Amino acid sequence: MTAVLEATGLGKRYGRRWALQDCNFAVPEGKVVGLVGPNGAGKTTLLHLAVELLAPTTGSISMLGHPAGDHPSQLSRVGFVAQETPIYSQLSVAKHLRMGALLNPNWDADMAENRIRQLGLDPRQRAGSLSAGQRAQLALTLATAKRPELLLLDEPVASLDPLARREFLQELMEVVAKHEVSVVLSSHLVADLERVCDFLVVLVASRVELAGDVSELLASHRRLSGPRREAGSLPAGQDVIAESHTDRQSTFLVRTDEPVLDPAWTVAPVSLEDLVLAYMSKARDGQPARRTQLEVLR
Amino acid sequence: MIEFQLDTASGVATYLQLVQQVHQALRLGLLEPGDQLPTAQQVVAKLAINPNTVLKAYRDLEREGLVRARPGQGTFVVGSLPRTDPKTQARLIASMTAWLRSARDAGLGPDEIEAVYRNAFRNCFAEGVA
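These protein sequences, in sequence, are chains A and B. At position 23 of the first sequence (counting the first as 1) the number is 23 in this note's numbering, and the numbers step up by one without a gap. With positions in the second sequence counted from 1, the corresponding number in this note's numbering is that position plus 298.
Next comes chain B alone, as it looks inside the complex (with noise of 0.2 angstroms):
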């Protein structure tokens, strides 16, 4: 069973917080199929929050086909997500590293190099959605 945090600070919605944190424990192998769910009961003791909101998180690992809620018992663990592949995760970090060098390089600082970092991020992401 995994135990669900809360970062209020990190300004993401608390149902997207617990969608995420299963889908870290199921690519990090802490939760594998069979395996249960804290019940929106327990969730909701131990965090403070809206039932719906941890309702609202399960309904979507469900369409997802990572859980199904069995009447009665609880929401299980049914699928799985691949783990991010060692290789790629060094490749990427490489290239990553690479990149960064060539900022400071540039003379820039790291406040800028964030910056520059967000606005493409935001660019890739989040195009047609602001």
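Isolated chain A, as found in the complex (with noise of 0.2 angstroms):
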């Protein structure tokens, strides 16, 4: 299977500061990836990167199958739509249609104007006075009628409305059942993703600190509670992400790919936001949890 994005070593430096390094992941084909992490993280600039709207300081990222750089026609088969979803204010929706059927060769026009029609837009009405939904909107329909194979979205509904949310995110995924896109979109909200990710790349602080097929993920992490405990007492084969404690009681969460047998546990699984804050919390206070006795679990 080949991987439609993969990061190899990938580093970009802005000055003495770096945005993002030492980034290695590869995703699949066909996934909807939630690219996740706190404001500045760096999930701006590897989308950038992707687009090649930068160039990498380290390393490279290639997307379906070739570096960015390799194949000047290959952006042709990604569609970007950048935060704050772009549009032309003074141009109206039938000229944005117009404008990205002559600038794209596969464009699909009928889809575009379908969709336009679906979402019950007026050709005519400039792009500037639609709303933030619509403008969202708008902008996918622009990024999808060019029929691509990947679609990376930066913050799409982060300025939205829950309702225009809900609804951007239908819409998405009727084009990803319809088309059979991958797609990767960023948010530093969990829960915007939760329902349409299955996969989920985690960046902290220009790092990225985990990858993974989202089920596999909620598979392999566990919570465990039980009495007071030294986190170096448990056994090799599970990593503590987080800890805490109290006097009597200690809570774990744990990544294991071992069933956790031990009576002592109440054992539950962990629900996606709660998994990927204990990372971030763990990325924010340093390394080494395992020794580290008050770590609070968020």
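Source of the hints: derived by calculation from the structure; they are not laboratory data. Only a predicted model underlies this, so the values are computations on that prediction, with no experimental measurement involved. Mixed in with the good hints, there may be bad ones.
As the list claims (entries may be wrong) - Below, a list of computed lysine-lysine pairs in the DSBU-like style, where the Cα atoms sit at most 30 angstroms apart:
# : chain 1 : residue 1 : chain 2 : residue 2
1 : A       : K95       : B       : K385
2 : B       : K344      : B       : K354
3 : A       : K95       : A       : K178
4 : B       : K385      : A       : K178
What the hints assert, rightly or not - Sample of chain B residues with no beta-carbon within 12 angstroms of chain A, all distances over it, derived:
#  : residue
5  : G309
6  : Q339
7  : K344
8  : A346
9  : P349
10 : R366
11 : V376
12 : G377
13 : P384
14 : W397
15 : R402
16 : V414
Even glycine gets a Cβ: it sits at the ideal position worked out from N, Cα and C.
Assembly of the complex is requested from the two constituent chains, each provided in isolation within its own frame, with the hints serving as guidance.
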């Protein structure tokens, strides 16, 4: 299976500051990928490196099997919607579609017009007078009507109200179901992505902290709670991601491929949001969580 | 045709919720052999979930022999599930009620009773899984 997006030793430096360093991950085909991380973690930098708006300082990133910059034509196979869903506010909806048709070799005019009709947008309306939700939908229409194999969306729902957010994700998932396109969407909120993503890349402070298939990640993490115990006393196969203690009780979030058999523990599954937050605070508080004692879960 | 609902607070995996809702509909007789399930596209358009989740649920149901995908047409119900026998259900409710009364008579409050139940439930179903 080819990777639709693969980073190898990828890094980007602005002056003295590393916006992204030592990134390694590979996203298989046909996934909806959530790129999650706090503001300023490097999500936008990563997406801009992918679509060649930036050049990497170290390493490389490849899309659809080709390194960025290798094949000028490969950008026609990718749809990219930058943050704040840029549109031309003076142009009408119809002119946006016309522009899309002129600029893209594989433009699907029927699909674009159908979507505009379904969304109930007036083709004569100027894009600048659309609501935030409608603008996001217009940008998504433009990106999908070029019939890409991969869609990259930078914070597509951040500025939308809950209803527009839901409608946008419904539209997006319909596109995925219909055209079998792979998607990468970034967000600083896990809750936005929980329903739609089946692959997750967690970026914290310029590094990839976690990357993997959502169902595998959920299956391999457990929350253990029971009588007070030190992290060092857990079996070797259980990696402690987060821990918290009171004088009597200990709670651990562990990564393990083995079943937890110790009867002293109450074992519970972990939600995606808790999982991501645990990795984020682990990254923030510095690595060796195994020895430190006072670490909070959130 | 049935319509799927999603309970995001339940902690149950999304594909499993879809599977359970089909099971439930079969047990209640809302779905019968020959009925069509909503297409993946219809489900994602309503619930805003990943299409792979729907396909995974349908594959599970197909493996159980309950539905079959007909290429180009959709997914159709081909099997059925036994409805829980009303007598059995009544018997279980009666014994459960007796147990609850004895717990209450022993001085346990609702929370404690629930804790005992959860413990027993876990021991019964999750042996070795944890």
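request  = Against the structure, test the hints numbered earlier, and report the numbers of the ones violated in rising order.
outcome  = Failing hints, ascending: 1, 4, 5, 6, 7, 8 and 9.
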